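*Asks:* Sequence:
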Amino acid sequence: FKEVPNVFTQHTSLLSNLLKKILEKKTLTEIETLNSTGKEKIENYTIFCIGGCTFEELRDINSISKSMKLNITLGST
Numbered sequence: 030f031k032e033v034p035n036v037f038t039q040h041t042s043l044l045s046n047l048l049k050k051i052l053e054k055k056t057l058t059e060i061e062t063l064n065s066t067g068k069e070k071i072e073n074y075t076i077f078c079i080g081g082c083t084f085e086e087l088r089d090i091n092s093i094s095k096s097m098k099l100n101i102t103l104g105s106t
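In our numbering, the protein residues as written are 30 to 106.
By construction, these hints were calculated from the structure, which means they are not laboratory data.
Since the structure is predicted, the reported quantities are computational estimates derived from the model, not experimental observations.
Positions of the beta carbon are idealized from the N, C-alpha and C atoms, including for glycine.
Hints may contain errors.
[To be verified] Derived DEER-like restraints, expressed as beta-carbon distance ranges:
| hint | residue 1 | residue 2 | range |
| --- | --- | --- | --- |
| 1 | 81 | 49 | 19 to 25 Å |
| 2 | 47 | 100 | 17 to 23 Å |
| 3 | 34 | 75 | 29 to 35 Å |
| 4 | 32 | 77 | 17 to 23 Å |
| 5 | 32 | 76 | 29 to 35 Å |
| 6 | 52 | 79 | 30 to 36 Å |
| 7 | 32 | 70 | 32 to 38 Å |
| 8 | 41 | 105 | 14 to 20 Å |
| 9 | 105 | 32 | 31 to 37 Å |
[Claimed, not checked] With a Cα cut of at most 16 Å, we get these calculated EDC-like pairs of lysine to aspartate or glutamate:
| hint | residue 1 | residue 2 |
| --- | --- | --- |
| 10 | 70 | 53 |
| 11 | 54 | 32 |
| 12 | 98 | 32 |
Generate coordinates for the entire structure from the input sequences, incorporating the hints supplied.
*Replies:* What follows is the structure, given as structure tokens:
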């Protein structure tokens, strides 16, 4: 574990993996209804989790948001 700065931060959340697939348009055909022509770039996303979300999920969403230069808002109950 000498090469790993923090073993506990290696895991990525299920929410993070799902968001990456949506942004790459690999799943959820409903994403096409948001951008019917397919030419406009969607830059603002809102994700809402019923039942709460974790700090890990927030960290992953912030990382994706910064790396892809998107505005992603995460909300939960």
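*Asks:* State the violated hints by number, sorted upward, taking the hints as numbered earlier in the document.
*Replies:* Hints 4, 6, 11 and 12 not satisfied by this model.
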